[in-house]
Amino acid sequence: AAEAGRAPGPPDGGWGWVVVFGAFVSIGFAYAFPKGLAIFFKEIQDFFGTSYSEIAWVSSIMLATTYGAGPISSILVNRYGSRPVVMFGGLLCGVGMISAAFCTSILQLYICVGFITGFGLALNLQPSVIIIGKYFLKRRPIANGLAMAGSPVMLCTLAPLNQFLFDNFGWRGSFLILGAILLNCCVAGALFRPIGAGTALVKTQVTEEGKDALKGKITEDGKEMSSALNVPIENKTEDEGEKDCFEKINQYLDFSLFKHRGFLIYLIGNVLMFLGFFAPIVFLAPYAKHTGIDEYSAAFLLSILAIVDMVARPTTGIVANSKWVRPRIQYFFSFAIAFNGACHLLCPLASSYAGLVVYSSFFGLAFGMVCAMLFETLMDLVGAARFTSAVGLVTIAECCTILLGPPIGGILIDTFGDYKYMFIKCGAVMVLAGTFLFIMNYYNYRMLAKEEKERKTKEEDPKSVRTENEGRKNWNKDSTQDGPELEPLREEGEGVKKEMNGT
Amino acid sequence: LIIGVSGTALQKNVSVGSPTKVELTCKLDENSHLKNPQVTWKRGSETISHTSKTQNSWTIQLTISDNSQLGSYSCILKGEVEVSATFHLQVPQIEGKEKPVITYEGDLAVMVCKTEYAPMAWNWYMTNGTELVAINPSSDTNKFRIKKQSANVDRLEILKLTKEDSGVYWCEAAFRLGKSKRRFELKVLSIMAPLKPFIAVVAEVVILVTTIALYEVYSKRKGEEGEREFDQIEQL
Chain A
1 AAEAGRAPGP PDGGWGWVVV FGAFVSIGFA YAFPKGLAIF FKEIQDFFGT SYSEIAWVSS
61 IMLATTYGAG PISSILVNRY GSRPVVMFGG LLCGVGMISA AFCTSILQLY ICVGFITGFG
121 LALNLQPSVI IIGKYFLKRR PIANGLAMAG SPVMLCTLAP LNQFLFDNFG WRGSFLILGA
181 ILLNCCVAGA LFRPIGAGTA LVKTQVTEEG KDALKGKITE DGKEMSSALN VPIENKTEDE
241 GEKDCFEKIN QYLDFSLFKH RGFLIYLIGN VLMFLGFFAP IVFLAPYAKH TGIDEYSAAF
301 LLSILAIVDM VARPTTGIVA NSKWVRPRIQ YFFSFAIAFN GACHLLCPLA SSYAGLVVYS
361 SFFGLAFGMV CAMLFETLMD LVGAARFTSA VGLVTIAECC TILLGPPIGG ILIDTFGDYK
421 YMFIKCGAVM VLAGTFLFIM NYYNYRMLAK EEKERKTKEE DPKSVRTENE GRKNWNKDST
481 QDGPELEPLR EEGEGVKKEM NGT
Chain B
1 LIIGVSGTAL QKNVSVGSPT KVELTCKLDE NSHLKNPQVT WKRGSETISH TSKTQNSWTI
61 QLTISDNSQL GSYSCILKGE VEVSATFHLQ VPQIEGKEKP VITYEGDLAV MVCKTEYAPM
121 AWNWYMTNGT ELVAINPSSD TNKFRIKKQS ANVDRLEILK LTKEDSGVYW CEAAFRLGKS
181 KRRFELKVLS IMAPLKPFIA VVAEVVILVT TIALYEVYSK RKGEEGEREF DQIEQL
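Going line by line, the protein sequences match chains A and B.
Following UniProt numbering from start to finish, the first sequence increments by one per residue and tops out at 503.
Following UniProt numbering from start to finish, the second sequence increments by one per residue and tops out at 236.
Chain B with its partners taken away, still in its complex shape:
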């Protein structure tokens, strides 16, 4: 078993937003079958020399100062079997909604982007055909509003939706070491869309209630005819 810096998976994403020093450690579990392995740290094809080594852990220290130093770093342990672990150093990813955002004409659409670390800037784009057009809220205050909920959460509001607003939108977080983007799909439906199933269900309810009421009146009428004879016998 190999554990990374703070995880148990054989792959680990490390978010690096701004220039910093990073220490990556591969540690071998004492109960592992692998004894005294040969350890190499690699990035792609180039080998990196260890900066420190203890009984069963091997560490490299990296100073990330620009974009080119981001990427995948792996430690490979060779013995009877070969085991490896990979660290993906990348800019913080954006969390947001995966599925399409569904809204209605005249309504408000909201897209929220959240990152682990606060970026330097947030940008929003909409796609016009194949081009990315930047969204500038100050130029069209009746249409777009951008609210900063906190340093690492940004929110785009699109007002007075129309069918043409449907499409793909992008939110971009700019970090010192790079940018990360997230894709949103906006669907604007007309009010008719949910109205059809709505009316169908209401019709079903009305039909069922009427049927039950009619059945009850019918069976009671039958019962009354029989009861009336019974009552007459009672009086006797």
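Only chain A is shown next, with the shape it has when bound in the complex:
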């Protein structure tokens, strides 16, 4: 009876790898597409007769929308599950770019390329990351590393493709075709088969109500149950009338996360890190040209970065999954950030092309390491259940610093006329962020260990009282504050134990 009643935990394989491929495509487009557009900017600038900064706004609006719409994405995934959101996002991207092909003013471009496509990409990015957390637990770092590798791979593909399209079809034709290419995000989304603890219940519901099997799964998916507890699944639509407004918002976007220690640590550390994260990439090629290197070699530096990045991400995923690193993954993450910072601090010492090549390689490695673990560490801290809301809140907070980073770097370069201050600022910020995260996570690990001990002693008491009182929120708080991800293998065993005691 125990085996049949137990809903399966994350599959950690099987269809999960197909989902990883879908996420690879989706994440790849979300990150690489805005960067790939830069090829068209000069032509569009000439066409509309605008200044460079007016064109740069297109990129900024796109980036801001992609990150800023994070919470909306989270709310939609909480409500509808990953699949419909990604498919809708893909459709939106396609529509955005197709309409951009017919734009007659720069303002229209802001809307079509900036807002619509940016929003579509936001609806692609978050759900892809979220669904990995649903399909994987033991092998999650590898899955995350592989999926995040989509970004450099897509960039390396999009850059020459965009150039080819531009040479043959001009910018309008290219936007039209790119709109069609973005529709492939719908394909990626179609692969995101919903998964959740309520699968067994759904099947009987489906046969009774005769609904579409997909739709049934999607509503259940929104419940975000990924562990093995047989807690009664609340039907949101039923309870909505009863709950008050604040609780309703909390259902869709978990603001109680702001009381979560791990979440706050992650948020502060990451917001700080992003101040110095992207600026070096933006200014690498101009810096190379500034030191007298020709355009093609400067572009080649970025290629080196992308190639090393491509390899670094899955590798980091594998390393992070090993039993030595996984329990201490937060330290590994802080190390990666600090390593990044150290690279930037040392960059001004590289004066020759060979030195810059070395810098690019190490930068690519560090960048890949951080990106691969970016979402994995958040999942590790808050647990897969609350991850949906967490990722939305984190991205909107990061939005500000991401947008500020390159312009601040630009101001530093213009004021001092020298690139080295920008590198020093980025390096310092990242080393600071890495150190902060390291210290705070050390503290967090200790607190978690203490709480774990307290919970163990409480468990000696009769368990029936606890299981009855457990509403959804309580259960969430318990299991997340305990950091179930710390020891995934142990959690599975405990889950079974609770099962048997409950029935």
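Hints are computed from structural coordinates only; laboratory data are not their basis.
Positions of the beta carbon are idealized from the N, C-alpha and C atoms, including for glycine.
Don't take every hint at face value.
To be verified - One side of the interface only, derived from the structure: several residues of chain B facing chain A at Cβ under 10 Å: (1) Tyr-104; (2) Met-111; (3) Glu-116; (4) Ala-193; (5) Val-202; (6) Leu-208; (7) Thr-210.
Starting from the known structure of chain A, fit chain B onto it as the hints suggest.
Quick look at chain B alone, frame taken from chain A:
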């Protein structure tokens, strides 16, 4: 190592737009192997005498007053080895798009020319067979528009494009000392051109999504048959 007036290359282009005095210097690096070389300034085959000489730099001063004085001037240093540097004095070149400009029927075509120094006048031409026909915007305001974005940036707009507008266009900048030209190639495509790959990609997306959906329904049906038996066992 020989460095020119302000560069490190052994060839240097010097843009001269209007009559001016130009000073060209060849300077020898202290660490060079060449010691006490014999230095001559030449333009083509004629030799020019130095106007000034220091320890390791040799200078000539030229007054450029008309077109004939433009050209290539070289300094040649003879010692154990022979090294030379050449300065190309020419009218400012025009920067513009190298690759063909691709536009669509009914759309607008834009060609932008930019120079280092402002010319006296800008002119635009289109080629009709082998002839150069001047473009006069005032004679055909519905077709051509010329906008001066700044003194050294000029912009031609061609409106309501048709297939016949494809071809070669020239932008010419007239300086006191001469003219410089730049060639543009305009290609006007019909809307069908990008539509074909567009439809191909959309078809691919539709096919893939349908396949995935069908596969899912198929595998679920198989799974349901198996599950139904399993559920029955559960109830027992």
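TODO: Could you check the structure against the hints above and give me the numbers of any it violates, in ascending order?
DONE: 3
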